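Chains A and B, in that order, give the protein sequences. Quick note: the first sequence, position 189, residue 189 per the working numbering, numbers continuous. Quick note: the second sequence, position 67, residue 1067 per the working numbering, numbers continuous.
One or more of the hints may lead you astray.
To be verified - If you want a taste of the chain A side facing chain B, the calculated C-beta under 8 Å gives, among others:
hint	residue
1	Ile42
2	His43
3	Pro66
4	Phe80
It should be emphasised that the hints constitute simulated quantities derived from the structure, not laboratory data. As the structure is a prediction and not an experimental result, all values here were calculated from the model. Ideal Cβ placement from N, Cα and C applies to all residues, glycine included.
Spelled out, the chains give:
Number of protein chains: 2
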Amino acid sequence: MFTLHQTDPHSLARRGSLVTPHGVIQTPVFMPVGTQGSVKAIHPDELRALDAQIILGNTYHLAVRPGMDTMRAAGGLHKFENWNGPILTDSGGFQVFSLGKIRKIKEEGVHFQNHVDGSPMFIGPETSMEIQATLGSDIAMLFDECPPHPCEADYAAKSLDLTLRWARRCRDWVDKNQPMTNGQPQLHFGIVQGSSYQELREKSAKELVSIGFDGYAVGGVSVGESEAEMMAAVEHAVPFLPHDKPRYAMGLGTPPQMIEMVARGIDMFDCVLPTRLARNGTFFTNEGTKAIKNACYTNDFSDLDEDTHPSCKGFSRAYIRHLIKAGEILGLRLISLHNLHFYLSLLGRARKAIEGGFFAEFRAEFVSNYQTRETSET
Amino acid sequence: MFTLHQTDPHSLARRGSLVTPHGVIQTPVFMPVGTQGSVKAIHPDELRALDAQIILGNTYHLAVRPGMDTMRAAGGLHKFENWNGPILTDSGGFQVFSLGKIRKIKEEGVHFQNHVDGSPMFIGPETSMEIQATLGSDIAMLFDECPPHPCEADYAAKSLDLTLRWARRCRDWVDKNQPMTNGQPQLHFGIVQGSSYQELREKSAKELVSIGFDGYAVGGVSVGESEAEMMAAVEHAVPFLPHDKPRYAMGLGTPPQMIEMVARGIDMFDCVLPTRLARNGTFFTNEGTKAIKNACYTNDFSDLDEDTHPSCKGFSRAYIRHLIKAGEILGLRLISLHNLHFYLSLLGRARKAIEGGFFAEFRAEFVSNYQTRETSET
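Work out the full structure: start from the sequences and follow the hints.
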């Protein structure tokens, strides 16, 4: 399923491809986020024009609204949202912990009230797998507990043990029910947890690998920890993950963070920043993020960036600034397109750099040119 | 400039074409509204895919924000909004009366505070013409007073006299300054006022024609009067307007109103309904408007309408309902596209019906099938 084409001699970066039921994904890859069944403000035709290879959907959000009756009647998420490329769904775990109003974590799963109408819901390992089977995603994520940050060692250890017991129950459900999508077996990824504890990350990775999944994610990152801790969490997991399976760092990150993660052996990324920041007028460039509302763009009639998406060409910074200030949706559409193009093509540049044997130079140049302003990006 | 190709034997409907500096417009025509320099939520590439022949821009809104310094620096509205087709700009009069916070109507023009930051502004006949010359629209509208509804006969008569004096000042400014766009003379349309008084409508039309303009609009309609009064206002003006100039009913209307206006000799329409109603999930069909939020569409997996726009095909009512309820922008994008397609193609059907000699049948069938629910449309 996953083929490793090339590895970088100076880092753990790697160039691969992953076969999914709805198509082949070239890695490293960025995956736009379509939480509620839509990549915010973007039409599927535009996703294709952006060369998006795979998009995300959120199990929790879709189970709450429109609900599984409609998803089942629709024949799954691909048909519902009119996207026939690969889809990855998360397990709902992260959202249950961050959005569910009142939640009780028990051995069987999590009881909570949803954020839309407050009605009581339950998601456990089997429920999550069943929902994702109904959604028909190409890649389903295991149901895990995502511990908060910071997290006491004792709680982290107990949480990890629960997550591992849930992982076995997910595996059992999948083995028994053999979920299919587009006539082929759905893929399932385990999620390495363990908070900021090296020995827990190692244990988590080893046990998941012994259970056996189609890929492995690093979870519990980008939850408020420092960038150094985030990098460490990945560094503590990757050595224990198999070379012949894809690795996914969940919910990351800024452009230099992704490139640094690629250098640490990560293949897949998802992040809401490109579309979320677009809505307040922040756009990405090789020099860092810029705020279109700044007065310096009032009469700036150049494009957002030299290397912007074709659909954004001819629309000046002055015009887009006006649209954002006037609350016109076309403004956030254009910046969303530009930002997604930046993220998607950044990973494309990383792929080319690995193929061409110049990833070290690309990484050094990109990261040093990019001015991170973390406060404006989170 | 305006060529009459065909007239309907059973009504005043006519099939024509108007040459403007940025292209030829086939009439009768619907003109999407781009108030603040953008047809709400729609990309210019989509306007082209919709076969939009001409769009509107609003002088008042653009003069307030981004302001004329930016519009001048941009080189006009076409370049600013990246649209190279024909543009019609209104005079600012209607918005000054409806949006300006405090307004004083004087002989020289109107003093008011704008709705964005409350700063004092002035627009008079010459200012309006000068702003529209800077915007570089293909068709500029005369600066008029749009009296409220209802309106006393005495006030309506005085208001009309002021509008006619302003019309002469507009004509003088244009004759002296000869505004050009795309290397050709800008066109200027007079606006027939006179509230609901037949003799004032007649007087207004006759005097404007004696001054001489490139086209004539009927203004002061769709301001709260009954549909019968709206039709009467047009019927009282049209007989005194020349056959060889285009006629434009401003700010109209529902689909059957437009068809009835075509039958009364009107060539051009603009209306915010297709995009405004899209934002609360209302879509147009031959049977009338429908509300996508209704529960009956929860598991309705058919397209919005059989004859929807290609970019809306494959997106079910159930999916679009979900998007609108979840506040996803793609939902209003899809309904906006569908509604604009409905309006634009409705006028296309009217053109074909006039050409084919079956406009009377088309009109009767369309108007009788369409269930008007005026309260939900205004």
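What are the numbers of the hints the structure violates, in ascending order? Failing hints: none at all.
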